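Student: Following the hints, complete the assembly by docking chain B onto the known chain A.
Line by line, the protein sequences give chains A and B. In terms of this note's numbering, the first sequence opens at residue 243 and continues consecutively. In terms of this note's numbering, the second sequence opens at residue 243 and continues consecutively.
Just so you know, the hints here were simulated from the structure itself, not pulled from any lab data. Model, not experiment: these values are computed from the prediction. Be careful, since some hints might not be right.
Identical copies carry no separate label here, and so any pair may be met within one copy or between two of them.
Each computed DSSO-like pair below joins lysine-lysine, with the alpha-carbon atoms no more than 30 Å apart [claimed, not checked]:
id: 1; residue 1: K375; residue 2: K297
id: 2; residue 1: K333; residue 2: K425
id: 3; residue 1: K333; residue 2: K250
id: 4; residue 1: K370; residue 2: K262
As a plain string of letters, each chain reads:
2 protein chains.
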Amino acid sequence: MIFSEIVKKNRSYRRYYEDKIIPNDTLTEFVDNARLTPSTRNLQPLKYYIVDYDKRNTVFPHLKWAAMLADWDGPKEGERPAAYIIVLSDKSLTTGSKWDEGIAAQTILLSATAQNMGGCIIATVLNKEDLMKSLNISDNFSIELVIALGFPKENVILTEINPGDDFKYYRDAEGNHYVPKRKLSDIIIS
Amino acid sequence: MIFSEIVKKNRSYRRYYEDKIIPNDTLTEFVDNARLTPSTRNLQPLKYYIVDYDKRNTVFPHLKWAAMLADWDGPKEGERPAAYIIVLSDKSLTTGSKWDEGIAAQTILLSATAQNMGGCIIATVLNKEDLMKSLNISDNFSIELVIALGFPKENVILTEINPGDDFKYYRDAEGNHYVPKRKLSDIIIS
Chain A
243 MIFSEIVKKN RSYRRYYEDK IIPNDTLTEF VDNARLTPST RNLQPLKYYI
293 VDYDKRNTVF PHLKWAAMLA DWDGPKEGER PAAYIIVLSD KSLTTGSKWD
343 EGIAAQTILL SATAQNMGGC IIATVLNKED LMKSLNISDN FSIELVIALG
393 FPKENVILTE INPGDDFKYY RDAEGNHYVP KRKLSDIIIS
Chain B
243 MIFSEIVKKN RSYRRYYEDK IIPNDTLTEF VDNARLTPST RNLQPLKYYI
293 VDYDKRNTVF PHLKWAAMLA DWDGPKEGER PAAYIIVLSD KSLTTGSKWD
343 EGIAAQTILL SATAQNMGGC IIATVLNKED LMKSLNISDN FSIELVIALG
393 FPKENVILTE INPGDDFKYY RDAEGNHYVP KRKLSDIIIS
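Here chain A stands alone, though its shape is the one from the complex:
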């Protein structure tokens, strides 16, 4: 796959073949890619907790899915993520970098997509403290993002919008998921 194809294929997937397991080595490889990304002043404050298939049910209840789909509470059993990577910041190292998290998260998603998997960045974690306790994560860390991962079971269709149009994603009766994106000519300023 050439790089632009990976970017295009990298959609925010929210339904998966839950029982198609992602091997631990593969999840570790995704983190190794994140390890080698640019970091503000090279401080590298981010750490990663890998949630494999066996631990997946500990994480799922803490996640808020697709705020814009009012009628949908998130993926049903059997279509939930097969794994997660939790992006943590090490409180002893952080200085409030704005960019490291997005850089790392996108790198993990692209890593998955390049191998025909997919994921979704989830920022809204209900009761982070509870989740950290359940996973035995020390309070030297804070949860920044949760990246859901799996083999996508969802058709995501990109559409284009004009300035001022509704940018909310939506689904049709068949469950196809539509994502409106701004046009290239509307995002290049000259």
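Tutor: Frame of chain A; chain B shown alone:
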């Protein structure tokens, strides 16, 4: 190139073959990749200003290079970036998303690396207002990041550090640039 090779090759380059021009179509393609990245609530508040070879000298004096290299003021003439992409946020759309900028910037850098170019994310822009005036960017926008781009003329070597070691990048007498990265075992929490 497989994806993990692109990630590894994607270093923060600060010296380039300045006169190896990046065609405008290629820069536009990088922005098109950024266009298709995940955006918080799909709001897509980021816009992009492409600075091509002819305009490069307008941007260069505004940039602060490699804060950690005390003896180095930035690349000399002939080794400066051939182009830039300025990541702007559209003030009429922003709600202070923390992640979109990093996601977009990393996608642009990986796009360049996949085509044997390279870049560097620069967050410290001296006098943003002046730069915006020089480029005729309306104050409906604010500058978030500047991405320097070009064909790298620099040898960047990754090393590994232990917790507590100095994480600062440095150069040797031959100008090789060393970047210490934390070990995989030190960034995976379990």
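Student: All hints, please: hold or fail.
Tutor: Taking the hints in turn, this is what the structure says about them:
Proximity of K375 and K297 under a CA criterion of 30 Å is satisfied intra-copy only: 13 Å inside one chain copy versus 53 Å between copies. Taking identical chains as interchangeable, the C-alpha atoms of K333 and K425 lie at most 30 Å apart only when they sit on different chains, with a minimum of 18 Å there against 39 Å within one chain. Taking the closest pair of Cα atoms, K333 and K250 come within 30 Å of each other only across two copies (26 Å); inside a single copy the shortest separation is 34 Å, beyond that limit. Proximity of K370 to K262 under the C-alpha cut-off of 30 Å is restricted to the intra-copy arrangement: shortest distance 27 Å within a copy versus 49 Å between copies.
Of the numbered hints given earlier, the model fails none.
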